[in-house]
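Q: Each chain, written out:
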Amino acid sequence: MRAFRAVTSRAAVLDRADVDTDQIMPKQFLKRIERTGFSEYLFFDWAKDPGFELNRPGAQGAKILLTGRNFGCGSSREHAPWGLQEHGFEVIVAPSFGDIFRTNCVKIGLVPVVLPQEQLKALMEEPGEITVDLEAQTAGPFPFEFDPFERECLLQGLDDIGRALRHEDQIAAYEAAHAPRFATTAL
Amino acid sequence: MARTLFDKIWESHVVAEPSGEPALLFVDLHLIHEVTSPQAFDGLRITGRTVRRPDLSIATMDHNVPTEEGPITDLLAKAQLEALERNCTEFGIPLYATGSGREGIVHVIGPELGLTQPGMTVVCGDSHTSTHGAFGTLAFGIGTSEVEHVLATQTLPQRKPASMRLLFTGELPFGVTAKDVILGAIGRIGVSGGVGHVVEYAGEVIEGLSMESRMTICNMSIEAGARAGMIAPDDTTFAYLEGRPAAPTGAEWEKALDGWRALVTDEGAFYDRDVEIDVRELAPQVTWGTNPGMVTSIEGTVPDPADYADADEREAVERALAYMALEPGTPMGEIHVDRVFIGSCTNARIEDLRTAASVVAGKRVHPSVRAMVVPGSATVKRQAEEEGLDRIFEAAGFEWRRAGCSMCLGMNPDILAPGERCASTSNRNFEGRQGAGGRTHLVSPAMAAATAIEGHFVDIREYALEPVA
Chain A
1 MRAFRAVTSR
11 AAVLDRADVD
21 TDQIMPKQFL
31 KRIERTGFSE
41 YLFFDWAKDP
51 GFELNRPGAQ
61 GAKILLTGRN
71 FGCGSSREHA
81 PWGLQEHGFE
91 VIVAPSFGDI
101 FRTNCVKIGL
111 VPVVLPQEQL
121 KALMEEPGEI
131 TVDLEAQTAG
141 PFPFEFDPFE
151 RECLLQGLDD
161 IGRALRHEDQ
171 IAAYEAAHAP
181 RFATTAL
Chain B
188 MARTLFDKIW
198 ESHVVAEPSG
208 EPALLFVDLH
218 LIHEVTSPQA
228 FDGLRITGRT
238 VRRPDLSIAT
248 MDHNVPTEEG
258 PITDLLAKAQ
268 LEALERNCTE
278 FGIPLYATGS
288 GREGIVHVIG
298 PELGLTQPGM
308 TVVCGDSHTS
318 THGAFGTLAF
328 GIGTSEVEHV
338 LATQTLPQRK
348 PASMRLLFTG
358 ELPFGVTAKD
368 VILGAIGRIG
378 VSGGVGHVVE
388 YAGEVIEGLS
398 MESRMTICNM
408 SIEAGARAGM
418 IAPDDTTFAY
428 LEGRPAAPTG
438 AEWEKALDGW
448 RALVTDEGAF
458 YDRDVEIDVR
468 ELAPQVTWGT
478 NPGMVTSIEG
488 TVPDPADYAD
498 ADEREAVERA
508 LAYMALEPGT
518 PMGEIHVDRV
528 FIGSCTNARI
538 EDLRTAASVV
548 AGKRVHPSVR
558 AMVVPGSATV
568 KRQAEEEGLD
578 RIFEAAGFEW
588 RRAGCSMCLG
598 MNPDILAPGE
608 RCASTSNRNF
618 EGRQGAGGRT
628 HLVSPAMAAA
638 TAIEGHFVDI
648 REYALEPVA
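In order, the protein sequence lines correspond to chains A and B.
Number 133 in the working numbering belongs to position 133 of the first sequence; there are no gaps in the numbering.
In the working numbering, each residue's number is its place in the second sequence (first place is 1) plus 187.
Since the hints were derived computationally from the structure, they do not count as laboratory data.
Take the hints with a grain of salt, since some may be wrong.
The list that follows gives simulated cross-link-like pairs (lysine to any residue, SDA-like), each with its CA atoms no further than 25 Å apart [unchecked claim]:
(1) A:K121 <-> B:D499
(2) B:K195 <-> A:V7
(3) A:K121 <-> A:V7
(4) A:K121 <-> A:F149
(5) A:K121 <-> B:E502
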């Protein structure tokens, strides 16, 4: 995972609530077995409309996405954040996120920032570039909260699995103390 | 201190709790399917890691598989299924492939094999993993990066979510089912009402439900945004489990029961949020919009955007009605459908098929409707055929298919054409979910069955009273 500290960019605005991952990355594109190649299918059905928010000139090249509450609700498909990241987004700012989507973002280094609705609306109305700084925990003029551990992982680009395996002894001890009732391999 | 069911399962699975970091939770059962796993296995190969506990992992083919007889023709889907087969062979994970007789929707086969047992932690790269919570497990969906993490370590780093109780009181009226209970609850708390929470469903209404119905309820926890949903195990749970392939036997069974009976929320335990819902006034539910919270009763009408005070909400309703091609004020019972889909991890278990069959027995599907039944698993299909349900459906004009996720998400050839309207027993009515431009209304199996016969939504409470021809 690439380390992230801050980004300064124009922001794309998708002012809709409850945008689900079926819209972000429709199912017909989930058949790829690779981790890349998803950006061209981002918002596939919505993007057919020339007036779609992300088709607007102001949204081109944006590395920051400002959007509505419960963004990324629905399916667990990580293909949705993969597509957003490959498209060039580094930060998504919303009043809230779908839980699984948010976790998926953190795992791949796409930074999900939560701002209250009013502050977000203020950013949406602000033309020009804004800076989202994870180190300082600010989005434009507004401070935001972030899980300190996740923040550290994102700032350093840390590998999750490697960190878990530092606790190998404890995992082994847990396994030794908790014999499973079945083995799927013996069914 | 008094603890919730969730607290008990959580605490018994903490492997490590490094200061300032999320807890490392042990995973008792990892379910795997073709769509969200290939990149995770690639990750293992790239880093030279292996699968730590193949004996706690199980794979099946469900999302992509065609439900008609014959070979798979979609080359991308075929490649993905072959990748799963290769990955399972390479890493020693048991796979119930198409034709094995044990394949099916991952959330149907886990319980029916007896793999899902009270007190366990269950994860899968699929948001409807919450289904397994019906057995008193902590079960939740994860992304592909987390699938890789579980494969490599059999653990997941997790911050403990908040807790919430949904207490259902009153007696369930005639014709009102588990699907209506959960749709009604989502309508009440909203599609983000459960975000950050693990929900425990409780109350006499829940205690009176079968395991199939409890699974329907827990299945849709994610549609309220909840991390997971769970129900305390009881005699209904134990009776369902006993004798299943992976269930303990003999003295082990008795020992297991002792542990499982302790899996209840202690008197006076604290929930971060407590919501009470009276079901006495609940009527059969039908969604009208493009998320499961956009729902009303069969007695209701399509809402008018003008009635919404909040500008964002009004705009969302306007957009939903435009997509759904519905006029405000239209009675739900006057909405006609082109398709009916009875299937999915929400409603494709034997009880669901029995209910639907009892509604359509001796009747004919309306001439303007194409209707299909897709059993949740090969086992459900076999059982239904032994009971003669397939013949009832086929005699009524339903298509009887092979098991799979099918038209719930339309990754296989079972999709809606643009503009087609469908009464569906699945879990999501998102735009394009069942096919680009398709319009989905979520309902219970009984409501879907009656809709297939009449060609439009009908009130099952009146319908079921008609004598069977």
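Q: Does the structure keep K195 (chain B) and V7 (chain A) at a Cα separation of 25 Å or less?
A: Roughly 42 Å between the alpha carbons, so the hint for K195 (chain B) and V7 (chain A) is violated.
Q: Keeping to a limit of 25 Å between CA atoms, is the pair of K121 (chain A) and E502 (chain B) held or broken?
A: Given that 25 Å is the threshold and the Cα spacing comes to 16 Å, the pair holds.
Q: Given the hinted pair K121 (chain A) and V7 (chain A), is their alpha-carbon gap at most 25 Å?
A: 20 Å, holds
Q: Just to be careful, I want the Cα atoms of K121 (chain A) and F149 (chain A) compared with a cutoff of 25 Å; is the pair within it?
A: Distance ~28 Å between K121 (chain A) and F149 (chain A) Cα, so the pair is violated.
Q: Compare the distance between the alpha carbons of K121 (chain A) and D499 (chain B) with 25 Å, and conclude whether the hinted pair is satisfied.
A: The hint holds at about 12 Å.
The structure fails hints 2, 4 (numbered hints given earlier, in ascending order).
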